[in-house]
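Please construct the entire structure, taking both the sequences and the accompanying hints into account.
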Amino acid sequence: GILGPVVMQIASGTYALSSELFVIPGANLPNDVTFIPATAQLGDVTIVNDSTVQPSETLILSGTKGVTFSFLRFVRSFMPAQTTHILHLRLGAENNQVVNCAFIDQAGLIDDINRAVGMFAVHNNQLIGNTFEGFGHAIFAVGEGFDLNNQWIDNNFRH
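Residue numbers (this note's numbering): 66 to 224.
Don't take each hint at face value.
[As the list claims (entries may be wrong)] Beta-carbon label-pair distances, calculated as ranges: (1) Thr-104 x Asn-220: 17 to 27 Å; (2) Asn-96 x Ala-172: 35 to 45 Å; (3) Pro-90 x Ser-142: 31 to 41 Å.
I should point out that these hints are in silico values taken from the structure, not numbers from a laboratory.
Cβ atoms here follow ideal geometry from the backbone N, Cα and C, with glycine treated the same way.
Here it is as structure tokens:
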């Protein structure tokens with residue numbers, strides 16, 4: 066667990082990732098865990114998942130609280146057969162932030178199953194200043210318990 070704010074500075078490069086984060090003991094605002102390039106420059110860290118194995122989400126936050134992603138570039142060039150998200154917040158994930166990140170779909174499938182960010186039954190998350198290229202849905206938010214009034218979705222751009 067953590068007892069205070071933690072900053073994970075990621076070295077420049079491209080990383081293959083398909084992972085799920087659960088509750089981090091002690092993490093919640095203001096004691097959050099921040100993932101950011103060591104340079105703090107968008108584009109210096111690219112996270113890619115072209116897995117054909119389900120679930121094919123790049124990153125799943127399941128009940129996770131107090132995690133921040135800043136200046137990361139998420140890329141997908143392969144579209145699996147089932148609905149998928151690059152970033153999937155679910156099962157009570159709350160107080161997470163995605164700020165100034167880029168979500169890029171290179172698969173070329175613009176339809177309902179291709180989603181950048183999915184939010185299902187989550188609360189108090191922030192999506193601010195992100196860019197989206199491609200995708201059927203940039204931000205897809207539904208689910209029992211979803212409270213749109215408690216999400217902060219602002220200044221995001223779709224190309």
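Each hint tested on the structure:
1. Thr-104 x Asn-220: 17 to 27 Å: This hint holds: roughly 22 Å between Cβ atoms.
2. Asn-96 x Ala-172: 35 to 45 Å: Given range 35 to 45 Å: holds, Cβ gap about 37 Å.
3. Pro-90 x Ser-142: 31 to 41 Å: Holds: the Cβ-Cβ distance is about 36 Å, inside 31 to 41 Å.
Going down the numbered hints, you'll see the structure goes against none, and every one checks out.
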